[in-house]
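Asker: Using the hints provided, position chain B relative to the given structure of chain A.
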Amino acid sequence: MMPSPRNVDLEITSRCNATCRYCYYLNNEGVVYRDLPTRQWLDFIDELGRANVMSVCLCGGEAMLRPDFFELVAAIVRNRMRFSILSNGSLINRDVALKLKETGRLDSIQISLDGSTPDVHEIMRGRGSFAPAVGAIRLLKEEGLPVTVRVTVHGKNIHDLPSVSHLLLEEIGLPSFSTNAICSLGTHAKYDDDCFLTPRQRLQAMKTLAAIEERYPGRIQALAGPLAEWHLFHGMENARKKGEPIAGRGRLVGCGCIFTSLAVRADGAFIPCITLPSMVLGQMGRDSLVDVWQHTPLLNDLRRRVTIPLDSFAECRGCDYLSSCTGSCAGSAFSLLGEHNRPSPDACLRRFKANLEKEGLTWP
Amino acid sequence: MSTIKPEISMSSVLTLNPLLVLREEDDGALLFDPETGDVRILNPTAVAVCKLLDGRRTLANVLEDLGEIFEGMDANAGGQVLALACDLYKIGAIGTLTELTR
Chain A
1 MMPSPRNVDL EITSRCNATC RYCYYLNNEG VVYRDLPTRQ WLDFIDELGR
51 ANVMSVCLCG GEAMLRPDFF ELVAAIVRNR MRFSILSNGS LINRDVALKL
101 KETGRLDSIQ ISLDGSTPDV HEIMRGRGSF APAVGAIRLL KEEGLPVTVR
151 VTVHGKNIHD LPSVSHLLLE EIGLPSFSTN AICSLGTHAK YDDDCFLTPR
201 QRLQAMKTLA AIEERYPGRI QALAGPLAEW HLFHGMENAR KKGEPIAGRG
251 RLVGCGCIFT SLAVRADGAF IPCITLPSMV LGQMGRDSLV DVWQHTPLLN
301 DLRRRVTIPL DSFAECRGCD YLSSCTGSCA GSAFSLLGEH NRPSPDACLR
351 RFKANLEKEG LTWP
Chain B
1 MSTIKPEISM SSVLTLNPLL VLREEDDGAL LFDPETGDVR ILNPTAVAVC
51 KLLDGRRTLA NVLEDLGEIF EGMDANAGGQ VLALACDLYK IGAIGTLTEL
101 TR
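These protein sequence lines map, in sequence, to chains A and B.
364 is the number that our numbering gives the last residue of the first sequence; the numbers go up by one with no jumps.
102 is the number that our numbering gives the last residue of the second sequence; the numbers go up by one with no jumps.
It cannot be assumed that every hint is accurate.
[Claimed, not checked] DMTMM-like cross-link-like pairs, simulated, lysine to aspartate or glutamate; straight-line CA separation at most 25 Å: (1) A:K99 / B:D38; (2) A:K101 / A:E171; (3) A:K101 / B:D38; (4) B:K51 / A:D291; (5) A:K101 / B:E35; (6) A:K353 / A:E171; (7) A:K99 / A:E142; (8) A:K358 / A:D346; (9) A:K99 / B:E71; (10) A:K141 / B:E35; (11) A:K101 / B:D33.
No wet-lab data here; the hints were simulated from the structure.
Bound conformation, chain A alone (with noise of 0.2 Å):
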């Protein structure tokens, strides 16, 4: 195990000035809406730098709301450490780009962008959201920041996803965009039924993306939703057919993140991640982040999951897939059956093909 983590997501806020309708944060009794004084914060980020963490990735909520944000920027810098930041871009103007960029530290800057029009990207986002998002990424990619953008797939915007991606990699030029979809997090999250994708939507979206990375080789990036499945799924496919497992996986491997990561909520609590937002490991303040990261029993036993074969579980037994599964995220297990340490039914293949039979559907 590595003696501290080499990465920790900040969420710096619990505000937003955004209503993205599949957020956690939005109306979502399960967490706590309380920021840290900027005090705590600096406090925390040398630690961060006595711990040797190499980078962090400043989120929320909306992490450029804090009037300290640069502030807390100049003492991640003083720390010898770079920087991330996940944002809806409404707070980005030149002056703010040019801060960013005189800090020389800055490894990327995600912003969220979930259409080509209006119309599209605003209706789980919001309205008057779609122009400052794009006018930040094309601001970002003018002062020669490292601007990257997530597209969010729901049931209302894959038929937008070619324009989407004409947008972003054509008209605006950036070298590549990201895609993912909506999954629920924490054991109290709202979510309204439309915010997932059914499973004739999830295929729809798996085909069109796969047709735009044919158009766009080596572009388009996924590391979950409807893309990552598609190759994941295909790839055990194969190994089904050709009767062989794929190496390292047939347990519960799917989450590298609690290997050289941490995340820390916007009122200090300790999380192994942002998918796991209940799972409250120590406290910013009360407890050493290293000895947090080295002896939590919850976290270990986390890390522990990737020894626990699939065929252990009664869900997975007979499957023809056993030997090419990862079990997916652990976030995505606790959200959906309250136990990190399962695999998740969200990323199943065979439940997965079997929803589409019911819809008359077949995997390609």
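Answerer: Coordinates of chain B only, in the frame set by chain A:
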């Protein structure tokens, strides 16, 4: 990591660049430059050298101290330490106190 002309010998007194992060992990260490994001992987011997370069010891002193840490050192250990120091010096990972504090 910026390029510095290497002019060092076994009598040089060097120190690790305080702007870099030496991050020890299970199977070695990472030398991380936050300015560039560059990461160099160091083996246990290189880590020991970096930790011994404290701005007081000469490279010859470092070699002696290494002998106490690692049993049965290679006869050519002195040459290897000098080569490593030159390599790290070239990229600005180590330097004299004067160079690194100006």
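Asker: Decide, hint by hint, whether the structure agrees.
Answerer: Now for the hints, and whether the structure bears them out:
no. : hint            : result
1   : A:K99 / B:D38   : 22 Å, holds
2   : A:K101 / A:E171 : 23 Å, holds
3   : A:K101 / B:D38  : 18 Å, holds
4   : B:K51 / A:D291  : 23 Å, holds
5   : A:K101 / B:E35  : 12 Å, holds
6   : A:K353 / A:E171 : 37 Å, violated
7   : A:K99 / A:E142  : 14 Å, holds
8   : A:K358 / A:D346 : 16 Å, holds
9   : A:K99 / B:E71   : 51 Å, violated
10  : A:K141 / B:E35  : 20 Å, holds
11  : A:K101 / B:D33  : 17 Å, holds
Of the numbered hints stated above, those contradicted by the structure are hints 6, 9, listed in ascending order.
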